[in-house]
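Visitor: Using the sequences provided together with the hints, build the complete structure.
Next come the chains, spelled out residue by residue.
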Amino acid sequence: MNPNDVILRSVTKVAIVIILTFSIYLFFGGHHNPGGGFIGGLSVAAGLVLLYLAFDIETVRKNIPVDFKKVAGLGVLLAVLTGMTSIFAGKPFLNQTFGYFNLPVFGKTELATAVLFDVGVALAVIGTAVTIILSISEDG
Amino acid sequence: MNENVYIDIVVAVFLLIGTVFSFLSAIGLIRLPDVYSRSHAVSKSASLGVLCTLFGTFLFFLLADGYFSIRLILGIFFVFLTSPVVAHLLNRAAYRSKVELTEESVQDDLKEFLEGK
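Sequence lines, in order, name chains S and Y. Take 1 as the starting number for the first sequence in our numbering and just add one per residue. Take 1001 as the starting number for the second sequence in our numbering and just add one per residue.
Be a bit skeptical, because a hint or two may be false.
[Claimed, not checked] Computed from the model, here is a short list of chain S residues facing chain Y with C-beta under 10 Å: (1) Asp5; (2) Leu20; (3) Thr21; (4) Phe22; (5) Tyr25; (6) Asn63; (7) Val66; (8) Ala72; (9) Leu78; (10) Ile133.
[As the list claims (entries may be wrong)] Counterexamples of contact, computed for chain Y against chain S with all Cβ distances above 10 Å: (11) Ile1007; (12) Leu1015; (13) Leu1048; (14) Leu1074; (15) Leu1081; (16) Val1085; (17) His1088; (18) Leu1089; (19) Glu1104; (20) Lys1111.
Everything labelled a hint here was simulated from the structure, so no lab data went into it. No experiment lies behind these values; they were computed from the predicted model shown. In this text, a Cβ means the ideal position worked out from N, Cα and C, and glycines have one as well.
Guide: Listed below in structure tokens is the structure:
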């Protein structure tokens, strides 16, 4: 008997938008407010797990064709590379810098290289969490 | 000064409603006989309690500090959206794993529907 979970699926479609938006907000708010790469990545992973629960694994894998082991590796690579760039500028490893730029939409914005490191952390967290969940859920 | 007192009273009324409804839902969880009536008590009144508490907090930050917290609005919407679905899924899982209704219940429409198929 194929259970009919139309309520779960319809609510997931609305809730996933809120979850992913809120995790992006958490990620970018991390410099001045509570949040950052770890919690932003973890809430993206939680949203993906909700998708895996509401739809089956094959459907989600077909629509998000991403190998999450490679995402974790890419995150660590990005974090190490942002640390390496400060060596080429003659500064110690993982030295951070920031500057103020006039962007077209946002106006005067503070851009920091710590965001790139945070992107690496977030990708590593997403990849690791989703890989753990998927490898537990598969049989055998 | 006078204005602050009114703000405090309005916020306090919302927080009081929220805590009272949460407390009533906890009592319902203890007192009611079976899974279905317990989840009836918990899902409705606990989510109303949480909504009132969050709205009171939102009003406090809006009126006292002038800070419009979009996170609390999102939280209110999210709890309002997901809490009934959680109760629905719990009840469904309980019914599919053949949890008995309480003895006082007189009608089981879903059983007739499932057996009639």
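Visitor: Against each hint, give a clear statement of whether it holds in the structure.
Guide: Here's how the hints hold up against the structure:
1. Given hint, S/Asp5 at the interface with chain Y, holds; its Cβ is 8 Å from that chain's nearest Cβ, closer than 10 Å.
2. Because the smallest distance between the Cβ of S/Leu20 and any Cβ of chain Y comes to about 12 Å, over 10 Å, the interface hint for this residue is violated.
3. Contact between S/Thr21 and chain Y, as hinted, is supported at the beta carbon level, the nearest pair being about 8 Å apart and thus within 10 Å.
4. For S/Phe22, the interface hint holds, since its Cβ comes within 10 Å of a Cβ in chain Y; the closest pair sits about 6 Å apart.
5. Because the smallest distance between the Cβ of S/Tyr25 and any Cβ of chain Y comes to about 8 Å, under 10 Å, the interface hint for this residue holds.
6. Taken as an interface hint, S/Asn63 does not check out: its beta carbon lies about 22 Å from the nearest beta carbon of chain Y, beyond 10 Å.
7. The criterion of a C-beta within 10 Å of any C-beta in chain Y is not met by S/Val66, whose closest approach is roughly 26 Å, and the hint is violated.
8. Annotation: interface hint on S/Ala72 violated; nearest CB of chain Y at approximately 28 Å, more than 10 Å.
9. Hint status for S/Leu78 relative to chain Y: violated, with the closest Cβ pair at about 28 Å, above 10 Å.
10. Proximity of S/Ile133 to chain Y is violated relative to the hint, the smallest CB-CB distance being about 19 Å (cut-off 10 Å).
11. With a cut of 10 Å on Cβ distances, Y/Ile1007 stays outside the contact zone with chain S, its closest approach being about 25 Å.
12. The Cβ of Y/Leu1015 sits about 23 Å from the closest Cβ of chain S, beyond the 10 Å cut-off, so the non-interface label holds.
13. The Cβ of Y/Leu1048 lies farther than 10 Å from every Cβ of chain S, with a closest approach of about 19 Å, so its non-interface assignment holds.
14. At roughly 6 Å from the closest C-beta of chain S, the C-beta of Y/Leu1074 falls inside 10 Å, breaking its exclusion from the interface.
15. The Cβ of Y/Leu1081 does not lie farther than 10 Å from every Cβ of chain S; its closest approach is about 6 Å, which violates its non-interface assignment.
16. Some Cβ of chain S comes within 10 Å of the Cβ of Y/Val1085; the nearest lies about 5 Å off, and the non-interface call is violated.
17. With a least CB separation of 6 Å from chain S, Y/His1088 falls inside the 10 Å interface cut-off, contrary to its annotation.
18. With a minimum CB-CB distance of about 6 Å to chain S, Y/Leu1089 fails to clear the 10 Å threshold, and the non-interface call is violated.
19. Non-interface call for Y/Glu1104 relative to chain S: holds, since the shortest CB-CB distance, roughly 28 Å, exceeds 10 Å.
20. With a closest Cβ-Cβ approach of about 15 Å to chain S, Y/Lys1111 is found to remain outside the 10 Å limit, as its non-interface label requires.
Violated hints, in rising order: 2, 6, 7, 8, 9, 10, 14, 15, 16, 17, 18; the structure is consistent with all others.
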